[in-house]
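Protein chains: 2
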Amino acid sequence: MKRKKGILFVCSGPSGVGKSAIMEGILKSDGNLVFSVSATTRKPREVEMDGVHYTFVSDEQFEKMIEEEKFLEWVRVHDNYYGTPRDLVEQTLEEGRDMILDIDVQGGIKVMDSRPESTFVFIAPPDMDVNVLRQRLNGRNTEAQEQIENRLKVAEEELKNAFQYDYIVFNDSLSEAADHLKAVITAERCRAIRYFAAQEDNQEA
Amino acid sequence: MKRKKGILFVCSGPSGVGKSAIMEGILKSDGNLVFSVSATTRKPREVEMDGVHYTFVSDEQFEKMIEEEKFLEWVRVHDNYYGTPRDLVEQTLEEGRDMILDIDVQGGIKVMDSRPESTFVFIAPPDMDVNVLRQRLNGRNTEAQEQIENRLKVAEEELKNAFQYDYIVFNDSLSEAADHLKAVITAERCRAIRYFAAQEDNQEA
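Residue numbers (our numbering), protein chains in the order written: chain A, 1042 to 1246; chain B, 1042 to 1246.
With the rest of the complex left out, here is chain A (with noise of 0.2 angstroms):
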């Protein structure tokens, strides 16, 4: 028996938690799993490429997607525009595969408004201890401290917010929290109410 449609995955966290890290292995070795490239408007880190790691668009760009309702959800973060093109997200879950999105707590809100269905999972620095996430943006050392400062108090305001997800994942070690991000997709994919879903279209069928 298979499931018709794919689950959408709303995955957040505080800057510097290591997201990042912990989606990338999970995505390598899932199949059915599709990454939503966010569109934004910020300015490329280093290592991050256009098209995989973001869109980078300008901000006359995003304006004009922001107009055309192109976007799932939009926020404006740190003076920039980070957004979820909605095109890519319906066609993937229409085709029963599962799209996992990487989108900051104000974002993560407004899709449990749209997309209520969603699995909304929040990465966790250990403890949830600020000072943790404090050493780990002065270890980046791509940011002025003013910045940093500004980020932890961004982050205090998250860590608030965790507990409108559904799971909350530690990331005490980058191994065991992709053992449980990846638990939470599987589970998530043995729900009856998805199977439920599928029933009944193929009854209509």
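Simulated from the structure, these hints should not be mistaken for lab results.
Since the list gives no way to pick one copy over another, a pair counts as held whenever it fits inside one copy or between any two copies.
No farther apart than 25 angstroms at their CA atoms in a straight line, the calculated lysine-lysine pairs in the BS3-like style are these: (1) K1223 - K1151; (2) K1201 - K1045; (3) K1201 - K1046; (4) K1046 - K1223.
Dock chain B against chain A, hints included.
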């Protein structure tokens, strides 16, 4: 951040579906998961050990336990009693350890009423195909044809109940089914609501 209370996992599925084999492997590798040994009045099968697979008791003993409300749930199937002793469940969960129950659908539905916060997993035959189940039961060679037919009738009814469960794990292959059940257990441990409850308790303490 630690969870405070254990989770109760209730596993059901038609006879012959392979529940025991799936659970055995998981129990060996998961130190925080405890198997709930049911009490029963039926005769032990050759491989079954008293106190390990079941606690084998007489009708009189079982009925006394019913009277004393010693069961979380109990049912009568095929002229035999089966029941989940309440004390061990309460104690294990209070200690913060998780417990897994292998009980039939009638029993599972009773626990849905009395402990809806539990996680309910239905182990289903591949494609929910009653014919495959028939082959397995025939292969077992321990039962008369009439008994097999009775079991199949019960199994068909049970399958209809699968959609009342939270998850359906299809036993296409033993290792895959075990992986899926394991994923359900891991994912449920990551549920935000469990940490939320723990946090509230911590604040009260």
